[in-house]
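Those protein sequence lines, which keep their order, are chains Z and S.
Read in order, the letters of the first sequence correspond to residues 0 to 542 in numbering that gives the first Met the number 0.
Read in order, the letters of the second sequence correspond to residues 0 to 542 in numbering that gives the first Met the number 0.
Treat the hints with care, as some may be off.
The list that follows gives simulated cross-link-like pairs (lysine-lysine, DSS-like), each with its CA atoms no further than 25 Å apart [to be verified]:
#1 134/Z - 7/Z
#2 357/Z - 232/Z
#3 29/Z - 4/Z
#4 357/Z - 240/Z
#5 403/Z - 41/S
#6 282/S - 193/Z
#7 348/S - 7/Z
#8 41/S - 403/S
#9 29/S - 347/S
#10 193/Z - 403/S
#11 193/Z - 7/S
#12 193/S - 29/Z
#13 347/S - 7/S
#14 347/S - 282/S
#15 29/S - 403/Z
#16 41/Z - 347/S
#17 90/Z - 347/Z
#18 29/Z - 7/Z
#19 89/S - 403/S
#20 396/Z - 4/Z
#21 396/Z - 134/Z
#22 134/S - 347/S
#23 193/Z - 29/S
#24 29/Z - 134/Z
#25 41/Z - 240/Z
#26 240/Z - 193/Z
#27 347/Z - 29/Z
If you are wondering where the hints come from, they were derived from the structure by calculation, not from laboratory data.
Note that this is a predicted model, so its numbers are computed, not measured.
Number of protein chains: 2
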Amino acid sequence: MADIKATKILIIGGGFAGVYTAMELERLLKGDPSVEINLVSKENYIVFQPMLPEVISGAIGLTDVISPIRRLCPRTNLFTRPVESIDLAKKRVTAGSGFDSREYYLSYDHLVIAVGNLTSFAGESGLMEHAVPFKTLGDGLVLRNHVIHAMEEADIEQDPEIRRALLTFVIGGGGFSGVEAIAELNDFVRISAKHFRNINPKEIRTVLLHSGPLILPELPESLARYAQDLLGKRGVEVMVKTRLQGATAGYALLSNGERIPTRTLVSTVPSTANPLVNDLPVKKEKGRIVVNQFLEVPDAPGLWAAGDCAWIIDPETGEPHPPTAQHAIREARCLARNIVATIRVGSKKPFHFHALGKLGALGHQRAVAEMFGIRLGSNRFTSFVAWFLWRFIYLMKMPGLDRKVRVAVGWFLDLILGADIVQLRTERGASIRREHFEGGETIFREGDRGDRVYVIVDGEIDILRAAPGGGETLVRRLVQGETFGEIALVRDMPRTAAARSVSKVNLLSMDRETFQTLFATMPPLRRLFEELIDSRIGAVTPR
Amino acid sequence: MADIKATKILIIGGGFAGVYTAMELERLLKGDPSVEINLVSKENYIVFQPMLPEVISGAIGLTDVISPIRRLCPRTNLFTRPVESIDLAKKRVTAGSGFDSREYYLSYDHLVIAVGNLTSFAGESGLMEHAVPFKTLGDGLVLRNHVIHAMEEADIEQDPEIRRALLTFVIGGGGFSGVEAIAELNDFVRISAKHFRNINPKEIRTVLLHSGPLILPELPESLARYAQDLLGKRGVEVMVKTRLQGATAGYALLSNGERIPTRTLVSTVPSTANPLVNDLPVKKEKGRIVVNQFLEVPDAPGLWAAGDCAWIIDPETGEPHPPTAQHAIREARCLARNIVATIRVGSKKPFHFHALGKLGALGHQRAVAEMFGIRLGSNRFTSFVAWFLWRFIYLMKMPGLDRKVRVAVGWFLDLILGADIVQLRTERGASIRREHFEGGETIFREGDRGDRVYVIVDGEIDILRAAPGGGETLVRRLVQGETFGEIALVRDMPRTAAARSVSKVNLLSMDRETFQTLFATMPPLRRLFEELIDSRIGAVTPR
Chain Z
0 MADIKATKIL
10 IIGGGFAGVY
20 TAMELERLLK
30 GDPSVEINLV
40 SKENYIVFQP
50 MLPEVISGAI
60 GLTDVISPIR
70 RLCPRTNLFT
80 RPVESIDLAK
90 KRVTAGSGFD
100 SREYYLSYDH
110 LVIAVGNLTS
120 FAGESGLMEH
130 AVPFKTLGDG
140 LVLRNHVIHA
150 MEEADIEQDP
160 EIRRALLTFV
170 IGGGGFSGVE
180 AIAELNDFVR
190 ISAKHFRNIN
200 PKEIRTVLLH
210 SGPLILPELP
220 ESLARYAQDL
230 LGKRGVEVMV
240 KTRLQGATAG
250 YALLSNGERI
260 PTRTLVSTVP
270 STANPLVNDL
280 PVKKEKGRIV
290 VNQFLEVPDA
300 PGLWAAGDCA
310 WIIDPETGEP
320 HPPTAQHAIR
330 EARCLARNIV
340 ATIRVGSKKP
350 FHFHALGKLG
360 ALGHQRAVAE
370 MFGIRLGSNR
380 FTSFVAWFLW
390 RFIYLMKMPG
400 LDRKVRVAVG
410 WFLDLILGAD
420 IVQLRTERGA
430 SIRREHFEGG
440 ETIFREGDRG
450 DRVYVIVDGE
460 IDILRAAPGG
470 GETLVRRLVQ
480 GETFGEIALV
490 RDMPRTAAAR
500 SVSKVNLLSM
510 DRETFQTLFA
520 TMPPLRRLFE
530 ELIDSRIGAV
540 TPR
Chain S
0 MADIKATKIL
10 IIGGGFAGVY
20 TAMELERLLK
30 GDPSVEINLV
40 SKENYIVFQP
50 MLPEVISGAI
60 GLTDVISPIR
70 RLCPRTNLFT
80 RPVESIDLAK
90 KRVTAGSGFD
100 SREYYLSYDH
110 LVIAVGNLTS
120 FAGESGLMEH
130 AVPFKTLGDG
140 LVLRNHVIHA
150 MEEADIEQDP
160 EIRRALLTFV
170 IGGGGFSGVE
180 AIAELNDFVR
190 ISAKHFRNIN
200 PKEIRTVLLH
210 SGPLILPELP
220 ESLARYAQDL
230 LGKRGVEVMV
240 KTRLQGATAG
250 YALLSNGERI
260 PTRTLVSTVP
270 STANPLVNDL
280 PVKKEKGRIV
290 VNQFLEVPDA
300 PGLWAAGDCA
310 WIIDPETGEP
320 HPPTAQHAIR
330 EARCLARNIV
340 ATIRVGSKKP
350 FHFHALGKLG
360 ALGHQRAVAE
370 MFGIRLGSNR
380 FTSFVAWFLW
390 RFIYLMKMPG
400 LDRKVRVAVG
410 WFLDLILGAD
420 IVQLRTERGA
430 SIRREHFEGG
440 ETIFREGDRG
450 DRVYVIVDGE
460 IDILRAAPGG
470 GETLVRRLVQ
480 GETFGEIALV
490 RDMPRTAAAR
500 SVSKVNLLSM
510 DRETFQTLFA
520 TMPPLRRLFE
530 ELIDSRIGAV
540 TPR
């Protein structure tokens with residue numbers, strides 16, 4: 000059979016759209032050796048998004064919200080690599096490197112683009128540096144660990160202002176994802192507080208920011224109203240008509256000018272087109288690839304798109320289909336059938352689907368739902384029914400029997416054993432990170448421990464020393480490209496002066512260990528810093 | 000009661016010795032407000048070491064091998080911080096910083112040192128850079144992800160040599176920890192292989208290196224012999240009288256000069272004293288703090304030590320007690336009683352304990368055990384009994400009822416559902432890392448994708464270009480402190496030349512993103528690199 004050239008289908012993206020396309024192709028092409036199915040995904044698993052908030056509380060096992068792609072599509076060749084570029088002319092996709100620095104080239108006859116979209120914080124100052132996204136399993140884990148870390152610190156903190164900031168948790172975005180996240184987060188911190196000797200549950204503040212007048216705009220008003228009231232009763236401050244406008248390490252900046260001191264800020268709102276989609280020379284609407292009713296890209300034979308990155312007009316409403324998992328799954332199945340029809344010269348069928356319903360979990364045995372025209376969740380009983388439905392439906396929808404069992408067992412154990420507060424740190428902490436400050440903020444104080452060195456990306460910084468008679472003296476003003484904070488690191492002593500932002504400033508900071516390894520091994524850099532320190536120490540009398 | 004000054008007991012270290020001291024103190028001092036118990040631990044949980052190997056296979060949930068310290072010792076003040084220094088004169092311990100750069104000072108009346116030891120690779124070239132330790136939960140997770148990553152890469156790799164290295168897994172150290180790790184690892188990779196379309200289980204190679212003539216030297220010869228044979232039957236190559244002598248990114252270097260090409264190298268052997276212990280001005284033996292039979296440091300009232308960092312002579316044998324969990328727990332209880340006796344003017348009791356037995360799991364329902372003089376595991380039946388005992392005893396020993404339930408359920412689910420191959424990456428990957436090469440090795444090839452820049456820490460590097468008539472031309476030789484590989488990164492093009500080590504060389508390498516952010520924001524550095532590139536590009540005709 001070596002002389003038969005297989006038709007190559009290449010799917011890029013390991014979310015619902017990509018994986019369900021592969022699953023449906025496997026089903027339709029069962030045992031057909033003339034078609035090769037290839038899938039490129041950054042991770043070797045699919046994340047079951049609806050259950051991601053439960054990772055925060057640890058209600059279900061960390062790996063239970065994900066399913067291994069290899070188990071779902073055993074006949075598909077999986078390439079666990081990031082996609083670097085798409086060459087439509089050569090019909091070739093370049094995947095990034097693995098252990099070695101070698102790229103991988105994949106040619107195709109049919110290309111299915113299912114790369115979804117990305118979380119983006121561009122534009123809002125400080126969000127990229129200080130807000131955490133909530134989209135992938137990694138995000139969920141990072142958030143959980145961060146929340147536990149904040150509680151650990153609050154437990155031993157004496158300063159009431161810092162305690163308050165450590166125990167304030169802010170989520171931006173009142174859609175399904177933000178509401179489910181704040182509900183789980185609120186339950187988790189309030190229940191866990193009892194394990195901390197010095198935390199009074201009354202000190203805890205959880206805040207949900209929403210730009211519209213009422214959360215959950217996708218739902219009928221009565222349900223949204225009930226959800227908003229319920230969150231309020233459980234201790235969540237819902238701030239409507241308010242957006243997140245920026246952030247620093249110390250607070251969230253709101254659109255009404257208010258500042259909420261917090262160390263934990265989550266944004267579920269901004270999403271942006273995948274750069275791969277941006278670079279494609281095809282027609283787009285709002286960053287999504289325009290496809291026809293068969294999910295083909297017009298005038299580009301063999302090019303298909305589905306899921307959050309595809310723009311598909313519903314002919315009945317004239318509106319695009321929304322970017323939800325329900326739609327992605329149906330689009331994937333339709334797309335797979337149409338590819339097979341194209342290969343086997345059958346007739347393609349148009350995409351047609353209306354959402355079956357909408358479900359939103361509110362934590363602790365409550366939810367809201369609208370299904371087949373029925374509304375559930377406007378009182379205690381129906382919201383319990385909605386919660387039960389939520390669990391039942393999502394359990395049934397989870398791909399793979401083993402996951403269903405694991406999640407069901409997890410829920411059961413959680414009921415009888417309660418929440419878990421272990422903090423699972425696997426990261427060594429970023430050695431180099433970006434930081435953002437608004438004007439007039441303290442970056443470090445004189446006498447602080449010197450554990451980072453800073454470079455000014457943009458903005459200005461004042462270096463100040465306490466004056467002998469009280470007040471402070473300006474030692475120097477630093478601008479873009481200049482470095483500060485190196486004296487304490489190189490001389491291993493406390494900060495000899497304070498640093499404060501003059502206006503908005505973006506910084507790059509590096510920890511002690513990275514600084515020392517990097518600059519100790521590069522003589523030109525070492526010289527650079529030694530000269531800098533000599534000139535600065537010369538200007539300031541050393542103690 | 001504000002005028003009564005509480006006696007402060009401070010425990011440093013969150014392992015078995017530290018946590019069990021706190022638990023026993025809570026039990027003995029129930030409701031006594033005149034004593035304050037403080038515990039400083041880097042993590043907020045205790046790792047149940049015997050079950051760590053099961054993290055590799057995912058047989059039990061990732062967080063089930065750990066227990067939250069706050070639940071075990073609810074009356075203890077927990078400080079989740081690293082300890083930076085101990086000042087015996089001032090009776091004060093300094094803890095590292097949390098969210099802010101502020102240190103934390105803890106004073107004490109009694110100080111219990113229970114910091115254990117650390118994994119160290121110092122001395123063996125390349126081990127620090129390329130071998131992974133196996134001691135903490137983070138290590139277990141990193142190893143699991145690394146193994147799955149290697150299989151993902153092998154599945155799509157065409158080059159048979161690289162495939163072979165990706166599918167070779169080497170563990171150094173034939174003690175309990177190494178044997179249990181290789182047993183779990185071997186089971187896991189062989190079972191998971193069936194989910195990978197292009198991996199033939201016969202391609203997999205698992206190797207255990209042991210310096211002595213027979214693995215498990217702690218056990219009687221008949222049991223060790225059975226264990227070694229069983230591992231062999233399951234496909235593990237046990238290489239005795241062989242030590243790990245070094246490593247590079249591509250292979251493990253053995254004491255007999257042999258090189259095993261591998262991308263996965265684990266070392267369970269080297270352990271070194273904690274720097275905190277090294278810095279203490281007290282008597283030590285082999286890096287451990289010498290204590291008397293009451294677990295007090297002689298001539299230092301109020302200073303105590305237990306666990307792996309304590310040197311306690313067994314008066315019956317004249318030998319020190321071994322550093323095992325069994326001993327740490329009993330030492331902790333004895334120490335807690337003696338502290339209470341000191342505070343309440345009671346009589347202290349000497350430490351006395353003999354190990355109840357030794358258990359070693361061999362994976363897949365087999366184990367070896369020696370308990371109360373009975374030997375189990377010299378044949379199929381007794382090794383099954385030993386395995387059953389292993390699970391039963393360790394389950395009973397796990398601190399906390401909720402963990403017992405979770406682990407038992409995990410084991411049950413694993414029996415019916417099988418192993419899991421999701422790769423849980425939460426790290427963004429180290430932006431700056433150390434690398435080691437032996438002499439004559441290729442660091443990158445001409446035409447490779449340029450994704451890292453290198454600085455030479457020590458050793459020499461040749462930069463080579465393919466000569467027009469075949470062979471290669473030496474472009475230049477670089478020495479300590481010099482940089483290479485920057486052209487491809489700055490110009491965004493493939494490598495213009497190859498790099499090869501002249502002799503043993505240690506490098507620091509930085510990824511593209513870090514390089515670009517760092518050097519784009521620091522004008523002096525940018526100038527440095529631009530000049531370097533100009534001079535080098537000038538010497539080599541650009542294409």
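With a cut-off of 25 Å on the C-alpha distance, tell me whether residue 29/S and residue 347/S pass.
The given pair, whose Cα atoms are some 19 Å apart, holds under the 25 Å limit.
Next pair to validate is residue 134/S with residue 347/S; report whether the Cα-Cα distance is within 25 Å.
Roughly 34 Å separates the two Cα atoms, so the pair is violated.
Checking one constraint from the list: CA of residue 41/Z to CA of residue 347/S, max 25 Å. Satisfied?
Distance ~60 Å between residue 41/Z and residue 347/S Cα, so the pair is violated.
Would you check the hint for residue 396/Z and residue 4/Z, treating anything up to 25 Å between C-alpha atoms as holding?
Distance of about 37 Å is beyond 25 Å: violated.
Are residue 90/Z and residue 347/Z close enough, with their CA atoms no more than 25 Å apart?
Cα-Cα ~22 Å, so holds.
Under the criterion that the straight-line Cα-Cα distance not exceed 25 Å, is the pair residue 347/Z, residue 29/Z satisfied?
Holds - the C-alpha atoms of residue 29/Z and residue 347/Z are around 19 Å apart, at most 25 Å.
Given the hint that residue 193/Z pairs with residue 29/S, does the C-alpha gap stay at or below 25 Å?
holds, 19 Å
Need the status of pair residue 29/Z, residue 4/Z: alpha-carbon distance at most 25 Å?
holds, 18 Å
Would you check the hint for residue 29/Z and residue 7/Z, treating anything up to 25 Å between C-alpha atoms as holding?
holds, 15 Å
Hinted pair residue 396/Z and residue 134/Z, Cα distance within 25 Å:
Roughly 19 Å separates the two Cα atoms, so the pair holds.
Holds or violated: residue 193/Z and residue 403/S, Cα atoms, limit 25 Å.
holds, 22 Å
Given hint residue 403/S paired with residue 89/S - CA-CA distance at most 25 Å
Given that 25 Å is the threshold and the Cα spacing comes to 42 Å, the pair is violated.
Checked against the numbered hints above, the structure breaks hints 1, 5, 6, 7, 15, 16, 19, 20, 22, 24, 25, 26 and satisfies the rest.
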